[in-house]
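Peer 1: Heads up: the protein sequence lines correspond to chains A and B, in order. So the first sequence is numbered by the working numbering: it starts at 1 and just counts up by one. So the second sequence is numbered by the working numbering: it starts at 1 and just counts up by one.
Some clues are possibly wrong.
[Stated by the list, open to error] For lysine to any residue, the following SDA-like pairs were computed, each having C-alpha atoms within a straight-line distance of at most 20 Å:
id, chain 1, residue 1, chain 2, residue 2
1, B, K56, A, S100
2, A, K57, B, Q95
3, B, K36, A, L88
4, B, K36, A, D38
5, B, K36, A, K71
6, B, K56, A, S99
7, A, K71, B, Q95
8, A, K57, B, N96
9, B, K36, A, L41
10, B, K36, A, A2
11, B, K36, A, P101
12, A, K57, B, D3
13, B, K36, A, Y64
Keep in mind that the hints were calculated from the coordinates and are not lab data. Just so we're clear, the structure is a prediction, and the values are computed from it rather than from any experiment.
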Amino acid sequence: EAQVTQNPRYLITVTGKKLTVTCSQNMNHEYMSWYRQDPGLGLRQIYYSMNVEVTDKGDVPEGYKVSRKEKRNFPLILESPSPNQTSLYFCASSRGGGSSPLHFGNGTRLTVT
Amino acid sequence: GEDVEQSLFLSVREGDSSVINCTYTDSSSTYLYWYKQEPGAGLQLLTYIFSNMDMKQDQRLTVLLNKKDKHLSLRIADTQTGDSAIYFCADNYGQNFVFGPGTRLSVLP
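Just chain A, with the same shape it has in the complex:
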């Protein structure tokens, strides 16, 4: 089944403790992206990647890192999480940029205390 898989679904951590949220897609998509969703703010893009080893900042990249060493994986790294990074995070992929639709994972709800 074609899908985008994020792990974990729920994560509670403390300020400053490094964490990684994994994202994997099995559709051989070139484009992958991370979003955060906050009440009243909609979806805001954190980082995106057009292909392996190519990543770019989105609208809210501060405090996040990404890497794209393989086509299928696009992990989101929080080196030193802070409470303002408490949010619902989505990974998404598409065949190629804006001309084909995005496929979303089920989300990761992160709480930083």
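Please build the complex by placing chain B on the supplied structure of chain A, with the hints as guidance.
Peer 2: Leaving out everything else, chain B in the frame of chain A:
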């Protein structure tokens, strides 16, 4: 940069039609998308329209595009309780996507 706007809330009675509106600013948009988010789930692609089309119909869903006014709408005929969700309009902006804030549709029995 590109901006996509939607009203935040809409309530309709079961069986009525729902119309969710969206405006965008990028005149070079090629595709416009509608996504549905049910509670606790990710965004699911509902439908999309190519910018050279005025209308697209898919079962109970009708998408209307007014490119001159940069206005997109999603009509859901015979709205059911299962249609209660958040609906996002999205625009492709270059190689990227820009989402509206989402419209929360509540369907009243």
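Peer 1: Does each hint fit the structure? Answer for all of them.
Peer 2: Taking the hints in turn, this is what the structure says about them:
no. : hint             : verdict
1   : B:K56 <-> A:S100 : holds (17 Å)
2   : A:K57 <-> B:Q95  : holds (13 Å)
3   : B:K36 <-> A:L88  : holds (16 Å)
4   : B:K36 <-> A:D38  : holds (16 Å)
5   : B:K36 <-> A:K71  : violated (27 Å)
6   : B:K56 <-> A:S99  : holds (17 Å)
7   : A:K71 <-> B:Q95  : holds (17 Å)
8   : A:K57 <-> B:N96  : holds (11 Å)
9   : B:K36 <-> A:L41  : holds (16 Å)
10  : B:K36 <-> A:A2   : holds (18 Å)
11  : B:K36 <-> A:P101 : holds (13 Å)
12  : A:K57 <-> B:D3   : holds (18 Å)
13  : B:K36 <-> A:Y64  : violated (27 Å)
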